[in-house]
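Here numbering that gives the first Met the number 0 is used: position 79 in the sequence shown is 78, and no number is missing along the way.
Just so you know, not all the hints are guaranteed correct.
Claimed, not checked - Here are the simulated lysine-lysine pairs, DSSO-like style, with alpha carbons at most 30 angstroms apart:
| id | residue 1 | residue 2 |
| --- | --- | --- |
| 1 | LYS233 | LYS430 |
| 2 | LYS443 | LYS337 |
| 3 | LYS443 | LYS502 |
| 4 | LYS449 | LYS403 |
| 5 | LYS498 | LYS443 |
| 6 | LYS449 | LYS430 |
| 7 | LYS433 | LYS246 |
| 8 | LYS509 | LYS483 |
| 9 | LYS430 | LYS443 |
| 10 | LYS443 | LYS494 |
| 11 | LYS502 | LYS483 |
| 12 | LYS433 | LYS449 |
| 13 | LYS483 | LYS443 |
What the hints assert, rightly or not - Distance ranges between label pairs, derived from CB positions:
| id | residue 1 | residue 2 | range |
| --- | --- | --- | --- |
| 14 | ASP231 | ASN296 | 27 to 37 angstroms |
| 15 | GLY480 | VAL301 | 22 to 32 angstroms |
| 16 | PRO45 | ALA365 | 13 to 23 angstroms |
| 17 | GLU179 | LEU290 | 57 to 67 angstroms |
| 18 | CYS386 | ASP231 | 29 to 39 angstroms |
| 19 | ASN296 | ASP424 | 20 to 30 angstroms |
| 20 | ARG422 | ARG261 | 40 to 50 angstroms |
It is worth saying that the hints were derived from the structure and are not from the lab. The beta-carbon is built from N, C-alpha and C at its ideal position, and this holds for glycine as well.
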Amino acid sequence: MGMSGARRLIVLGSGNPGKLRELRAALAGLPIELRGLADYPRAQPPEETGRTFAENARLKAAALARQLGLWVLADDSGLCVDALGGSPGVRSARYAGPGATDADKVARLLDELKGVEDARRTARFVCALALASPAGVLLEVEGTCEGRILSEPRGCDGFGYDPVFLYPELGMTFAEIPLERKNTVSHRGRAIAALARRLPELLGKQEADMSKHFVGIDLGGLNIKGGVVTRDGKVVSFDSIPTEGQKGRDHVLDRIALLVERVIEQSGLPRTQIAGVGIGSPGPLSIAQGLIYEAPNLPGWVNLPLAAEIRKRTNLPTVLENDANAAALAEAVAGAGKGLDCMIMLTLGTGIGGGIVLNGRVWHGADDIAAELGHVSICYAGRRCNCGTLGCVEAYASATAVVKRTQEALRQGVRSSLARGGRHDLAAVAKEDKCGHIFQVARKGDRLAKQIVADTIVYLATAIGSLINTFNPDMIVLFGGMTKAGSQLLAPLRKEVAKRCFKVGARRCKIVVSRLGSHAGTIGSALSAMQLLEKA
Numbered sequence: 000m001g002m003s004g005a006r007r008l009i010v011l012g013s014g015n016p017g018k019l020r021e022l023r024a025a026l027a028g029l030p031i032e033l034r035g036l037a038d039y040p041r042a043q044p045p046e047e048t049g050r051t052f053a054e055n056a057r058l059k060a061a062a063l064a065r066q067l068g069l070w071v072l073a074d075d076s077g078l079c080v081d082a083l084g085g086s087p088g089v090r091s092a093r094y095a096g097p098g099a100t101d102a103d104k105v106a107r108l109l110d111e112l113k114g115v116e117d118a119r120r121t122a123r124f125v126c127a128l129a130l131a132s133p134a135g136v137l138l139e140v141e142g143t144c145e146g147r148i149l150s151e152p153r154g155c156d157g158f159g160y161d162p163v164f165l166y167p168e169l170g171m172t173f174a175e176i177p178l179e180r181k182n183t184v185s186h187r188g189r190a191i192a193a194l195a196r197r198l199p200e201l202l203g204k205q206e207a208d209m210s211k212h213f214v215g216i217d218l219g220g221l222n223i224k225g226g227v228v229t230r231d232g233k234v235v236s237f238d239s240i241p242t243e244g245q246k247g248r249d250h251v252l253d254r255i256a257l258l259v260e261r262v263i264e265q266s267g268l269p270r271t272q273i274a275g276v277g278i279g280s281p282g283p284l285s286i287a288q289g290l291i292y293e294a295p296n297l298p299g300w301v302n303l304p305l306a307a308e309i310r311k312r313t314n315l316p317t318v319l320e321n322d323a324n325a326a327a328l329a330e331a332v333a334g335a336g337k338g339l340d341c342m343i344m345l346t347l348g349t350g351i352g353g354g355i356v357l358n359g360r361v362w363h364g365a366d367d368i369a370a371e372l373g374h375v376s377i378c379y380a381g382r383r384c385n386c387g388t389l390g391c392v393e394a395y396a397s398a399t400a401v402v403k404r405t406q407e408a409l410r411q412g413v414r415s416s417l418a419r420g421g422r423h424d425l426a427a428v429a430k431e432d433k434c435g436h437i438f439q440v441a442r443k444g445d446r447l448a449k450q451i452v453a454d455t456i457v458y459l460a461t462a463i464g465s466l467i468n469t470f471n472p473d474m475i476v477l478f479g480g481m482t483k484a485g486s487q488l489l490a491p492l493r494k495e496v497a498k499r500c501f502k503v504g505a506r507r508c509k510i511v512v513s514r515l516g517s518h519a520g521t522i523g524s525a526l527s528a529m530q531l532l533e534k535a
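Can you make the complete structure from the sequences, with help from the hints?
What follows is the structure, given as structure tokens:
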């Protein structure tokens, strides 16, 4: 991610080819590959709302880095004239209004300075550069060049305010100084030189960090899965142990810590190469606080500071993530959604959950409760969901709901081989296998089972169609026990979805089954640790 061989890929947050050439020449000796924004036509630079050049550079770099999932270098520059209180400043490019030419800008500046004596016409060009990763700003530098504003233009080269900016040390305006010499003394040249001095240290630190690994823990009611994972989602070691939740909260916490130590030992890596631990857990929870509000399958887990407890036991930085978000992140980074801008995961199990990954990062929402996709409403006055509201897709299409709707039909006397005493008696099947059993019986031609499966597909398609119309995703990944039905679920679901959303969205969005399967939670928890810890 963001590396080209041993070279770091950096995107210049500008479509200006001149700036790209200048930076490539100045940074030629460094192990980087520099590309321009023209290579990323879908990138959308933010509006420059900062009050200083540094603020605008930071804003552009950070926003574009989040969009692209790459390192981005952005700049902002302009002219500050003391007699005008620092104007044009951050409005240098817009000083003479929309569509103004360089000559228009110079004319307005000279008009503003009419009657101002030479000694008070001091000014400076300022250039701010900011380098950001998707997690935030990494480096900032600034270059300035002091001078004076003349009363009339001189020179034919340069652009903007160059013809009236006198550089006293050479006695020439920026429009008179040869370009090669100008690049060594200009505000931009000085900012780039400062960047070139500081970038090697940052690249060295990042290279060391890139070699570090993370532990991912997938916490379930029955089992705890764990593994050591690389930054690009490769599993180095993996193990699983029973949760043993009935033995109490502290016992489970100790078992999580035990599994962390075990997978580190199995990896063969020195402990110094482990950068942190990520734990994927069912909600509701607070990612910022590392707090589980409640875990229905784990007695006594109410307002538990899980991240802090594991940090205390392992002495490793630890973060908490929703388990569905973690699985979605894994699939986006290392699975079916690798390289896509927008991917949505739907988890189809006893309930329905999900995760939304935009530009390589989980979208959490304002309160960490985004992507509760099981609670997309498909019927305003429909079945009551466990969440308390009506019509949620989870109340119709989860494995639990599939079984419940079948049992209701059987109680109403609908004839089926699934009836008690029938050839495929549903009551004789273990609870966790009932949904899969219904799909199997549907394949054998049972009318009720076929209708239940067909209705389930319509319910899912209705929710997925709404998601496609809302997010216009590249892909929707299905995850969980229900996906074992394979093409019995997938083929008719794709056809039904196409009827329930805009055609252009349906054509773009691929609907596939998870590629990572049971490892997704572990991989995603580790990748969540990487993103959340580096963001902090």
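Q: Determine whether the Cβ-Cβ distance between ASP231 and ASN296 falls within the hinted range of 27 to 37 angstroms.
A: holds, 32 angstroms
Q: Just tell me: holds or violated, for the beta carbon distance of ASN296 and ASP424 against 20 to 30 angstroms?
A: Holds, at about 28 angstroms.
Q) Going straight from one Cα to the other, do LYS449 and LYS430 come out at no more than 30 angstroms? A) holds, 20 angstroms
Q.
Tell me if the straight-line CA distance from LYS498 to LYS443 falls inside 30 angstroms.
A. Status holds; Cα separation ~27 angstroms.
Q: For the pair we were handed, LYS443 and LYS337, check the Cα-Cα distance against 30 angstroms.
A: violated, 37 angstroms
Q.
Can you tell me whether the CB distance of GLY480 to VAL301 sits inside 22 to 32 angstroms?
A. The hinted range 22 to 32 angstroms holds for GLY480 and VAL301, with Cβ atoms some 27 angstroms apart.
**Q.** Straight-line alpha-carbon gap LYS433 to LYS246, limit 30 angstroms
**A.** Holds, at about 28 angstroms.
Q) Are the Cα atoms of LYS443 and LYS502 separated by 30 angstroms or less? A) violated, 33 angstroms
Q.
Just to be careful, I want the Cα atoms of LYS233 and LYS430 compared with a cutoff of 30 angstroms; is the pair within it?
A. This hinted pair is violated, its Cα atoms lying about 34 angstroms apart.
(Q) Please verify whether LYS449 and LYS403 have alpha carbons no more than 30 angstroms apart. (A) holds, 15 angstroms
Q: Please work out if LYS502 and LYS483 have their alpha carbons no farther apart than 30 angstroms.
A: Holds: LYS502 and LYS483 sit about 28 angstroms apart, inside 30 angstroms.
(Q) 57 to 67 angstroms was suggested as the range; check whether the CB atoms of GLU179 and LEU290 agree with it. (A) Roughly 59 angstroms apart at Cβ, these two residues keep to the hinted range, so it holds.
Of the hints listed earlier, those the structure fails to meet are numbers 1, 2, 3, in rising order.
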